[in-house]
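A.B. asks: All chains should be built: construct the whole structure from the sequences, respecting the hints.
There are 2 protein chains.
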Amino acid sequence: MKLASLPDGSNRDGRLVIVTDDLTTCRPIEGLSMIAMLDAAMPPDRVAARAGPPQPFDPASALAPLPRAAQFLDGSAYVNHVDLVRRARGAEMPARFWTDPLMYQGASQFLAPHAPITGDPAWGLDLEAEIAVITADVPQGVTPDDGAAAIRLVMLLNDISLRHLIPDELSKGFGFVQSKPLSACSPVAVTPDALPGWDGRKLHGALKVDLGGQPFGRADAGRDMTFDFGQLVAHAAHTRPLAAGTVIGSGTVSNRGGDGSGDPVARGGCGYSCIAEQRMVETIRDGAPATPFLHPGDRIRIWMEDATGQSIFGAIEQTVAAWP
Amino acid sequence: MKLASLPDGSNRDGRLVIVTDDLTTCRPIEGLSMIAMLDAAMPPDRVAARAGPPQPFDPASALAPLPRAAQFLDGSAYVNHVDLVRRARGAEMPARFWTDPLMYQGASQFLAPHAPITGDPAWGLDLEAEIAVITADVPQGVTPDDGAAAIRLVMLLNDISLRHLIPDELSKGFGFVQSKPLSACSPVAVTPDALPGWDGRKLHGALKVDLGGQPFGRADAGRDMTFDFGQLVAHAAHTRPLAAGTVIGSGTVSNRGGDGSGDPVARGGCGYSCIAEQRMVETIRDGAPATPFLHPGDRIRIWMEDATGQSIFGAIEQTVAAWP
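As they're listed, the protein sequences go chains A and B. Quick note on our numbering: the first sequence kicks off at 1 and runs consecutively. Quick note on our numbering: the second sequence kicks off at 1 and runs consecutively.
Hint data in this document are derived by calculation from the structure and do not stem from the laboratory. Mixed in with the good hints there might be a few duds.
Given that identical chains are not distinguished, each listed pair holds provided it fits within a single copy or across any two copies.
SDA-like cross-link-like pairs, simulated, lysine to any residue; straight-line CA separation at most 25 Å [as the list claims (entries may be wrong)]:
| id | residue 1 | residue 2 |
| --- | --- | --- |
| 1 | K172 | D224 |
| 2 | K202 | Q178 |
| 3 | K172 | A91 |
| 4 | K202 | D22 |
| 5 | K172 | G141 |
| 6 | K172 | Q231 |
| 7 | K202 | D145 |
| 8 | K172 | D120 |
| 9 | K172 | D39 |
| 10 | K202 | D83 |
| 11 | K172 | T226 |
| 12 | K202 | D100 |
| 13 | K172 | P241 |
| 14 | K172 | H204 |
| 15 | K172 | P144 |
| 16 | K172 | Q140 |
| 17 | K172 | P94 |
| 18 | K202 | G222 |
| 19 | K172 | V85 |
| 20 | K202 | F174 |
| 21 | K172 | E92 |
| 22 | K172 | T143 |
| 23 | K172 | R223 |
| 24 | K202 | P139 |
| 25 | K172 | R256 |
| 26 | K172 | A88 |
| 27 | K172 | R89 |
| 28 | K202 | T283 |
Here the structure is a predicted model, which is why all the values come from computation and not from measurement.
C.D. replies: What follows is the structure, encoded as structure tokens:
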């Protein structure tokens, strides 16, 4: 089942709609939001039984599936990405990063899929294309197996990052606040049973990223994912319960190339899911980055397709706005 | 106006109630939660007009005022506390910590005031008594003045911390996840106009902490607060908007003693708002900490009183439960 949240008057959680597989039509569920569905652990057939008449579905008008999540925790499961960051600045990555997931607590408030990116270009605006899951209630201390079983929905995420603010903020020791503003979500979240490429722990298939209409990233989300979503949920829940409607992100999807760094799409590689990674590869290969971060007017598109070329989640389509 | 959230069937946001000043009686607002009140920017008189008949108020049955906040960002505004942490381990504190607020993104899911603390004693369980504010909608890039004006409610917070997990987790560079589980809130949140000791930016008065029924902390929340709530809101909103129902915490309340460290309550000092601080003072003075962290059965009480001795917010009263 494909689900989305549309604006619903003063209810900021939005109104739940069931979206057809081709994303053209939806059926609203009167008086129900996605978070209320998750709170009540309502099974899909009970949701479907309440669906109203079909109406056109416009992804551009959708909210994030969960405009307000119970929590947001973002992993860094593609350790290749972390390794590249370190190598670009000549630092060794601790070996434990291959066995102990990196994760940060993110803002639980999410942007709509077509929301503008409002930041000062001096902050070093970047995208990070990710896979994310939405959980049911998860008890404290859950195992990875039970963590995987608690996954109710899967979606895409753009974890907007302010690269020039990160080094200074992380040096203070308390993680990201100003350097990680709100993330945007795909218009549609999909239940695991209806999701092509989902193996219960990982999502396989190319995560497509276009920048200014040009192919930028085609990394396979099922490849090189060191920690699967069961492990990420368990890491997040080690010392706390997660309420229904918690979002767990994968971190920037990243595939290892021949020498670990990967080629741009234009040179036949699978490209990158963030600009920083392309800049790191440029730094490692050429001594300096060449690709600039985002500027006002720049357009981002993030989506995935099934075997027939049909968009699975709809697209995150954001344009950088002038700021301030 | 004093407000609380009581359990309301399957609605996890709870039902809003107006609580009398003496905390003995409340009037429920049919069909309204605190988050819905904040979403709609509903003025107090409109809330009062919808209040039902009075009923007894039992703080032990209250939820957190906002069981699910839009976001939670916790400052470290009492820089004395940070300075002591550093001194206890022989490290100098960067001078910028006096001008650039430390803040971390916390879990936006909150525990009820009487919820047990469920953690392994090996994790180094500690309390952190704090003041917190709940905001209206705050635009990105807000000034400290406008940030202060956006404060709608004030409450108390116990930011439970797992001391033995912190060094290892912070060394990974992404801030707190496992080492900062869910925080608990006071039963009641109070509007600024009805809050004794509130000066528009800070809350003055003794934040009382008892441990096992013995006085442990009596620090004045209005003293030694290097960054006021206007500055903390502005720091949180520098690169993002904050949705109505965002919680901003002060960090552990801490007063400087004669030599910066302060005496225990039993020796006539104002004591501490977390066990770690007492242990740091013991380390600085005696070379080693003597006070243990929390163990199953230990009881915490956190509250504030007005000039007449009346509890302002009700008390956070938590007992450490056996885990696992």
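A.B. asks: From the Cα coordinates, with 25 Å as the cut-off, is the pair K202 and P139 best called within, between, both, or neither?
C.D. replies: Within. Shortest intra-copy distance 21 Å satisfies the 25 Å Cα cut-off; inter-copy 37 Å does not.
A.B. asks: Cα distance capped at 25 Å. Does K172 pair with G141 within a copy, between copies, both, or neither?
C.D. replies: between (29 Å within a copy, 21 Å between copies)
A.B. asks: Evaluate K172 and A88 at a C-alpha cut-off of 25 Å and name the case that applies: within, between, both or neither.
C.D. replies: Result: close both inside a copy and across copies, 21 Å intra and 18 Å inter.
A.B. asks: Using 25 Å as the alpha carbon limit, work out where K172 and Q140 are close: within a copy, between copies, both or neither.
C.D. replies: between (29 Å within a copy, 22 Å between copies)
A.B. asks: Could you place K172 and R256 in one of the four classes (within, between, both, neither) given a Cα distance threshold of 25 Å?
C.D. replies: between (31 Å within a copy, 22 Å between copies)
A.B. asks: Taking 25 Å as the upper bound on the Cα-Cα distance, should K202 and G222 be classified as within, between, both, or neither?
C.D. replies: within (6 Å within a copy, 50 Å between copies)
A.B. asks: How would you classify K172 and Q231 at a CA-CA limit of 25 Å: within, between, both, or neither?
C.D. replies: So K172 and Q231 pass the 25 Å test across copies only (18 Å; inside, 28 Å).
A.B. asks: At most 25 Å between alpha carbons: which applies to K172 and D39, within, between, both or neither?
C.D. replies: neither (37 Å within a copy, 33 Å between copies)
A.B. asks: Between the shortest in-copy and the shortest cross-copy C-alpha distance, which are at most 25 Å for K202 and D100: within, between, both, or neither?
C.D. replies: Close inside one copy (18 Å), not across copies (40 Å); limit 25 Å.
A.B. asks: Which holds for K172 with A91 at a C-alpha limit of 25 Å: within a copy, between copies, both or neither?
C.D. replies: Both. Shortest intra-copy (19 Å) and inter-copy (14 Å) distances satisfy the 25 Å Cα cut-off.
A.B. asks: Check K172 against H204 for me: Cα-Cα at most 25 Å, and say if that holds within a copy, between copies, both or neither.
C.D. replies: So K172 and H204 fail the 25 Å test inside a copy (37 Å) and across (28 Å) alike.
A.B. asks: Given identical chains, is K202 near D22, meaning Cα to Cα at most 25 Å, within a copy, between copies, both, or neither?
C.D. replies: Cα proximity of K202 and D22: one copy only (23 Å, versus 54 Å across).
In summary, the numbered hints that this structure violates are 9, 14, 28.
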